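> Put chain P on the given structure of chain A with help from the hints.
From first to last, the protein sequence lines stand for chains A and P.
Position 102 (the first sequence) corresponds to 131 in this note's numbering; numbering is contiguous.
Position 355 (the second sequence) corresponds to 384 in this note's numbering; numbering is contiguous.
Warning: the hint list may mix true and false statements.
SDA-like, lysine to any residue: derived pairs with alpha carbons at most 20 Å apart [what the hints assert, rightly or not]:
{"hint": "1", "chain 1": "P", "residue 1": "Lys114", "chain 2": "A", "residue 2": "Asn363"}
{"hint": "2", "chain 1": "A", "residue 1": "Lys373", "chain 2": "P", "residue 2": "Gly113"}
{"hint": "3", "chain 1": "P", "residue 1": "Lys193", "chain 2": "P", "residue 2": "Ile40"}
{"hint": "4", "chain 1": "P", "residue 1": "Lys342", "chain 2": "A", "residue 2": "Arg148"}
{"hint": "5", "chain 1": "A", "residue 1": "Lys342", "chain 2": "P", "residue 2": "Lys97"}
{"hint": "6", "chain 1": "P", "residue 1": "Lys87", "chain 2": "A", "residue 2": "Gly113"}
{"hint": "7", "chain 1": "A", "residue 1": "Lys114", "chain 2": "P", "residue 2": "Thr381"}
{"hint": "8", "chain 1": "P", "residue 1": "Lys342", "chain 2": "A", "residue 2": "Glu422"}
{"hint": "9", "chain 1": "P", "residue 1": "Lys394", "chain 2": "A", "residue 2": "His426"}
{"hint": "10", "chain 1": "A", "residue 1": "Lys193", "chain 2": "A", "residue 2": "Asn276"}
{"hint": "11", "chain 1": "A", "residue 1": "Lys385", "chain 2": "P", "residue 2": "Glu55"}
{"hint": "12", "chain 1": "A", "residue 1": "Lys324", "chain 2": "P", "residue 2": "Lys324"}
{"hint": "13", "chain 1": "P", "residue 1": "Lys50", "chain 2": "P", "residue 2": "Lys130"}
{"hint": "14", "chain 1": "A", "residue 1": "Lys385", "chain 2": "P", "residue 2": "His426"}
{"hint": "15", "chain 1": "A", "residue 1": "Lys419", "chain 2": "P", "residue 2": "Lys419"}
{"hint": "16", "chain 1": "P", "residue 1": "Lys419", "chain 2": "A", "residue 2": "Thr306"}
{"hint": "17", "chain 1": "P", "residue 1": "Lys114", "chain 2": "A", "residue 2": "Glu362"}
{"hint": "18", "chain 1": "A", "residue 1": "Lys364", "chain 2": "P", "residue 2": "Gly113"}
{"hint": "19", "chain 1": "A", "residue 1": "Lys231", "chain 2": "A", "residue 2": "Leu268"}
{"hint": "20", "chain 1": "A", "residue 1": "Lys342", "chain 2": "P", "residue 2": "His426"}
{"hint": "21", "chain 1": "A", "residue 1": "Lys364", "chain 2": "P", "residue 2": "Lys371"}
{"hint": "22", "chain 1": "P", "residue 1": "Lys114", "chain 2": "A", "residue 2": "Thr381"}
{"hint": "23", "chain 1": "P", "residue 1": "Lys97", "chain 2": "P", "residue 2": "Ile135"}
{"hint": "24", "chain 1": "A", "residue 1": "Lys190", "chain 2": "A", "residue 2": "Met243"}
{"hint": "25", "chain 1": "P", "residue 1": "Lys114", "chain 2": "A", "residue 2": "Gly382"}
{"hint": "26", "chain 1": "A", "residue 1": "Lys394", "chain 2": "P", "residue 2": "Lys324"}
{"hint": "27", "chain 1": "P", "residue 1": "Lys121", "chain 2": "A", "residue 2": "Val379"}
{"hint": "28", "chain 1": "P", "residue 1": "Lys364", "chain 2": "A", "residue 2": "Gly113"}
{"hint": "29", "chain 1": "P", "residue 1": "Lys87", "chain 2": "A", "residue 2": "Gly357"}
{"hint": "30", "chain 1": "P", "residue 1": "Lys385", "chain 2": "A", "residue 2": "Arg148"}
{"hint": "31", "chain 1": "P", "residue 1": "Lys342", "chain 2": "P", "residue 2": "Glu310"}
{"hint": "32", "chain 1": "P", "residue 1": "Lys385", "chain 2": "A", "residue 2": "Asn96"}
{"hint": "33", "chain 1": "A", "residue 1": "Lys359", "chain 2": "P", "residue 2": "Lys87"}
Some residues of chain A that are not near chain P, with every Cβ distance over 12 Å (derived) [to be verified]:
{"hint": "34", "residue": "Gly58"}
{"hint": "35", "residue": "Lys121"}
{"hint": "36", "residue": "Lys130"}
{"hint": "37", "residue": "Asp165"}
{"hint": "38", "residue": "Tyr280"}
It is worth saying that the hints were derived from the structure and are not from the lab.
Please read all numbers here as calculations on a predicted model, not as lab measurements.
The beta carbon of each residue, even a glycine, is placed where N, CA and C say it ideally should be.
Given next are the chains, with one letter for each unit.
Protein chains: 2
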Amino acid sequence: MKRTSNKKQIIVPGFKFSGIKSGIKESGGKDLALIYSETPAVTAGVFTTNSIKAAPVKLALKKITSNKGQAIIINSGNANACTGKQGDKDAKKVNTDLAKKLGLPIEMVYVSSTGIIGRPLPVTMITNALPELIDDLSPLSMDKAASAIMTTDTFPKFVSKRIKIDGKTGTIAGIAKGAGMIRPDMATMLCFLFTDIAVSAKPLDSALRKAVNMSLNRLTVDNETSTNDTAMLMSNGRLGNTPLTKNSPYYKKFTDALSDVTYQLSRMIAEDGEGATKIIEVTVKGARSESDAEKAASAIANSMLVKTAVYGKDPNWGRVISAAGASGAKLVENKIDIFFNKVKLVSNGVGTGMEKAAAALLDSKAITITVDLGAGKQSAKVLTCDLTEKYIEINAHYTT
Amino acid sequence: MKRTSNKKQIIVPGFKFSGIKSGIKESGGKDLALIYSETPAVTAGVFTTNSIKAAPVKLALKKITSNKGQAIIINSGNANACTGKQGDKDAKKVNTDLAKKLGLPIEMVYVSSTGIIGRPLPVTMITNALPELIDDLSPLSMDKAASAIMTTDTFPKFVSKRIKIDGKTGTIAGIAKGAGMIRPDMATMLCFLFTDIAVSAKPLDSALRKAVNMSLNRLTVDNETSTNDTAMLMSNGRLGNTPLTKNSPYYKKFTDALSDVTYQLSRMIAEDGEGATKIIEVTVKGARSESDAEKAASAIANSMLVKTAVYGKDPNWGRVISAAGASGAKLVENKIDIFFNKVKLVSNGVGTGMEKAAAALLDSKAITITVDLGAGKQSAKVLTCDLTEKYIEINAHYTT
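With the rest of the complex left out, here is chain A (with noise of 0.2 Å):
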């Protein structure tokens, strides 16, 4: 699906970002992004549950302990990924360089990466292109840095929201790029969050870890997990506020409007799927727990069957029942329930008949598929997109 993202220019005060071409792309396109806080920010980091991990990932896994930074530096079409020690020191000496060239302890610079597996970053072109990259630093780049990540997306990913903490209005905003290799527990996710509001570093860490939970972790392309997925969010404190800790009246605010960020975020990467048509957003309810619902709305995301029935337009019920059966799930069959949009497709476990007018509001570019699973009362959402000719055509025939 192609689509820009909101256009509108987006401030978050005290940071200041740039997109630039450095080279490492074959395409030519931009490839090297910086964000940066004019101040230290306390820092917090999701990243990837792969046992394979790039290194700029187990770089960014030390320094994250500390909760403060002050620059990411993010490249793309390499991912610095199972390439060895000299991998780790290609890492470290990015790091180094742009810690020397922005003046700040290397403790306070993080470095990202993301493109092909297994090929040895560009080391040269990338510090050959720093100057550029400082110098190019502005609070209305944000739109840059979100184009410089991209890998195979279509469009640069960028969300913002305000909101009023003590009677300031404060901004959370974030870039991120997906398309391919995308599920929970962010595969070859990137998303980078940045905030003036005051927070102090655990509660940071525990309101990054809940919205990540609750949107890019419930989000599958192809059920694929990367070696460089992260997730980050600084906070430089630049409103002023007293620093949000969790017994703070507005800390459930800023949680909730951090979330809603990153849903966004999400819903942008799923649109963007690698070839998708699609958005399709899967609920599970009456499920026994939380983790049955996820179970399941998970493995109807992740079903071929289901994702090309999406695309082909065809209220395939049949393909969702046996994805939500197989899927562990504790489930009650003769109490199941199934819609497609608003369209009752089982009720108690057999067809309705109406396949006619659900296959009509399948024309449409986003999709709800709701499952009632008749065992409980828990529920949860997981987002996807519709698996196309073009997601094949993308990976059978380019190195990624």
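For chain P alone, kept in the frame of chain A given last:
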């Protein structure tokens, strides 16, 4: 991949087969098969683990506890799944009518179905066709039965093997269907096996479970487990040998031969995966446990990115290592080796640069991917096929 099974006539003494058109399939193809043993047979069965079970599966699960059977009727074109109480009645009606016409007690007859989920079984079409189905029985018609159980399969699948037991030559043979909705736990996979070798009830059941676990349960086309999966094995003892038990000197020979038959059928199913152009055998070794090996091999075999890469003749080992890393299996990154066919692409976790040599070999129809996790001594093998535009076309544009 279009091909045909071994065309030579297979006879298993004491078994007769038929396969006819009853009108269930809109395409007008054969859709009704009968397997008949002239004498009561020791019978074992393994059925889908999907919580949603088709009506005939629920019925078979009750009967199989007797370990006896003499006839199996299978229809394709309609799964009789998610059809509520009417579905149960319909399966029983087919069972009762066939038993009456064959002059057998109803408990000696099994019903099996495959095809579209959620549509009422056209019972009258089936019962009207019973006289022709029975008339048509012949020891030479195993191929006809194999054709009649096909859905999106492009060729009938049947295999046989002869072994000497106690100086006499016995036969083990089987038919199967697969194509889509296939993954470990036997997704829309039907497999019926016959032998004239006498085996006692419990050892027969163990032999079937072992054979299925090493073959049909290690086979994935699209990671879907259906509502109808069934593997059954009938032993009529016509060979006249002393019934085999676990302590018989010939028991291992029997189970090995049976496993070989089910493995050959599994290869045919993978080869005939919807839209497939290549069969892929994934071997994971150097695992801490067999379960870890299977986990990693399944993750690789189910990876859409790996399957599309093989289709595109791209030896993209980054996708293989990423899938292994995401599987949860223990691995030691700097000890991992990866081979595509005989070409070593990764040595101790780092690329060897042999992509060109590996790509040249990806023209062949049978591909092996071998991964050494560097974490132990256990191994497992999983069969799959590549993922092509044709899979999308088949599944997006037909209700199956």
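> Output the numbers, in ascending order, of every earlier hint that fails for this structure.
5, 6, 21, 26 and 32
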